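Chemist: Each chain, letter by letter, is given below.
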Amino acid sequence: MTVTEQDLQVFINAVKNISAYDFTEYSEKSLMRRLEKVLSDNQMELHEFIKKLTQDSIFLEKTVKDITVNTTELFRDPVAWHMLKYQVIPALSSRDVINIWHAGCSTGQEVYSMLILLCEMNLFDKSNIYATDINTDVIEASKKGIYKYRFNLGYLDNFDKVLKENPNNPGEIKDVSYSKYFEINKVKDIITMNKFLINKPIYKKHDLVRDPNPFEVVYDLILCRNVIIYFNYNLQNKVFGLFYNNLSMDGSLLLGMHESMLGPISSRFEKKAQLYTKSKKFNPV
Amino acid sequence: MHKAIIIGGSAGSFQVVLRVLGNIPKNYPMPLFLCLHRLKHVREGFVEALSIKSSIPVVEPNDKDLIKPGIAYLAPSNYHMYIEPDYRIALSTEEPVNHSRPSIDISFTSAAYTYKSDLIGIILSGANKDGSLGLKAVADQGGITIVQDPIECQIRTMTESSIKTAKVDYIFSTDQIINFLGKLK
Chain B
1 MTVTEQDLQV FINAVKNISA YDFTEYSEKS LMRRLEKVLS DNQMELHEFI
51 KKLTQDSIFL EKTVKDITVN TTELFRDPVA WHMLKYQVIP ALSSRDVINI
101 WHAGCSTGQE VYSMLILLCE MNLFDKSNIY ATDINTDVIE ASKKGIYKYR
151 FNLGYLDNFD KVLKENPNNP GEIKDVSYSK YFEINKVKDI ITMNKFLINK
201 PIYKKHDLVR DPNPFEVVYD LILCRNVIIY FNYNLQNKVF GLFYNNLSMD
251 GSLLLGMHES MLGPISSRFE KKAQLYTKSK KFNPV
Chain L
286 MHKAIIIGGS AGSFQVVLRV LGNIPKNYPM PLFLCLHRLK HVREGFVEAL
336 SIKSSIPVVE PNDKDLIKPG IAYLAPSNYH MYIEPDYRIA LSTEEPVNHS
386 RPSIDISFTS AAYTYKSDLI GIILSGANKD GSLGLKAVAD QGGITIVQDP
436 IECQIRTMTE SSIKTAKVDY IFSTDQIINF LGKLK
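Those sequence lines, one after another, are chains B and L. Sequential numbering of the first sequence, starting at 1, is according to my numbering. Sequential numbering of the second sequence, starting at 286, is according to my numbering.
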């Protein structure tokens, strides 16, 4: 089923008229493709689909969930986690409290990775973990902390790379047990996070497009990885503004491996790979 | 006027891509998009390997990078690469298509939509059917479609499937592809 530019506009306008969701500034081609997929999964023509959207708010919520993308892994991109482990988090360790926001937490793998890392660095107790997503289904999945095992063997490789190996000293292997953090059940083919990890984060539904800071705190670290790729250039810059305004001084924003800040606001951050730090140098009092 | 070239390849295409990049004129007047399947663990080193031989810069773009002529944009490992109508790259981590991420169909279809008849699509050697619908989209938008001669391909599945699915303008050997691209202005 092919979706034209006009079809996409019809969909965007309909959603905007009947709800608070706004897809106007999403990346056009990927949104078109998502809409094609949703139409084909529902076996519906556009007019019929729009009609159902306007009449059935549950169907609308489901559609928003289906349109947005949820891909994540435990310790996805070990290089980024090395940066967190050896540079970013040590620089925050002397603070009384460390506030971390996972913006677009999806099914929670990144949240659990952070919890495990903080535990390994003895910073678990003084950290507050906030996690948000536009999709309440993935938030519920995150709260459960249960993942497929065999399909996700890469998780353990990533875990080893980040927590057992030392990139600065090849050959050094630290003994870190999986069972301290999760239980692997090969019969049921699942990984279940341990309770003390599951109970820690504070979750909230949040739409980066329109909602203000979801929690009444400033953040020392914001992780927003592979989320803004679904937004166009203008919307990305608005979201960067939201992050900037709610970061503490010397706090940092970590983006995905192929994301970068291209707008004027980038001049207020110190950039190192995908890490953007709100440094004093660029923000004189 | 915007013009662009897009190349899709899978198993058996690496040496062909190396030769094409090595023979492309310097300061090439248009962008070149590369959507190549690679093994999941070959995340690093690929762009470097292509860069060594290439006469134009090869980059794995960031999301929303503005597209410039004379640059080869390689779809990053584990991302789909869209070519957006505002002439920016858009990346995505949505599910693999035809077991592939990047998907050649996604890159070709979005590039065809953006560049319309000003696009040249080329399908090289490969072991699956990804790219066939993408090449058809290029043809449907009035662009030029080229397929590497299956006789020359290490694995013919992808080229043969493209020839069946899309209206193909030229079936070329690697030398003919190089020659064709060298003459474009």
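Because the hints were derived from the structure by calculation, they are not lab data. One or more of the hints may lead you astray.
Unchecked claim - Just some of the chain L residues that point at chain B, by a computed CB distance under 10 Å:
1. S340
2. P346
3. S377
4. T378
5. D434
6. I436
Claimed, not checked - Reference listing, derived: stretches of chain L covered by chain B, where coverage requires no fewer than 3 residues with Cβ under 8 Å from a Cβ of chain B:
7. 363-373
8. 390-401
Owing to the predicted nature of the structure, the values given are computational and were not obtained by experimental measurement. For every residue, glycine included, the Cβ atom is placed at its ideal position computed from N, Cα and C.
Chemist: Compare the structure with each hint and give your call.
Modeler: Hint check:
The criterion of a C-beta within 10 Å of any C-beta in chain B is not met by L:S340, whose closest approach is roughly 25 Å, and the hint is violated. Look at L:P346: its Cβ gets to within about 7 Å of chain B, closer than 10 Å, so that hint holds up. With a least beta-carbon distance of about 5 Å to chain B, the hint placing L:S377 at the interface is held under the 10 Å criterion. For L:T378, the shortest C-beta to C-beta distance to chain B is roughly 4 Å, which falls under 10 Å, so the interface hint holds.
The beta carbon of L:D434 comes no nearer than 30 Å to any beta carbon in chain B, farther than 10 Å, and the hint placing it at the interface is violated. Among the interface hints, the one on L:I436 is violated; its C-beta lies about 34 Å from the nearest C-beta in chain B, farther than the 10 Å criterion. Coverage of the region 363-373 of chain L by chain B holds. Counting CB-CB distances below 8 Å, 8 residues qualify, and the rule asks for three or more. Beta-carbon proximity to chain B at under 8 Å applies to 4 residues in the region 390-401 of chain L; the threshold of 3 is reached and the given coverage holds.
The structure fails hints 1, 5, 6 (numbered hints given earlier, in ascending order).
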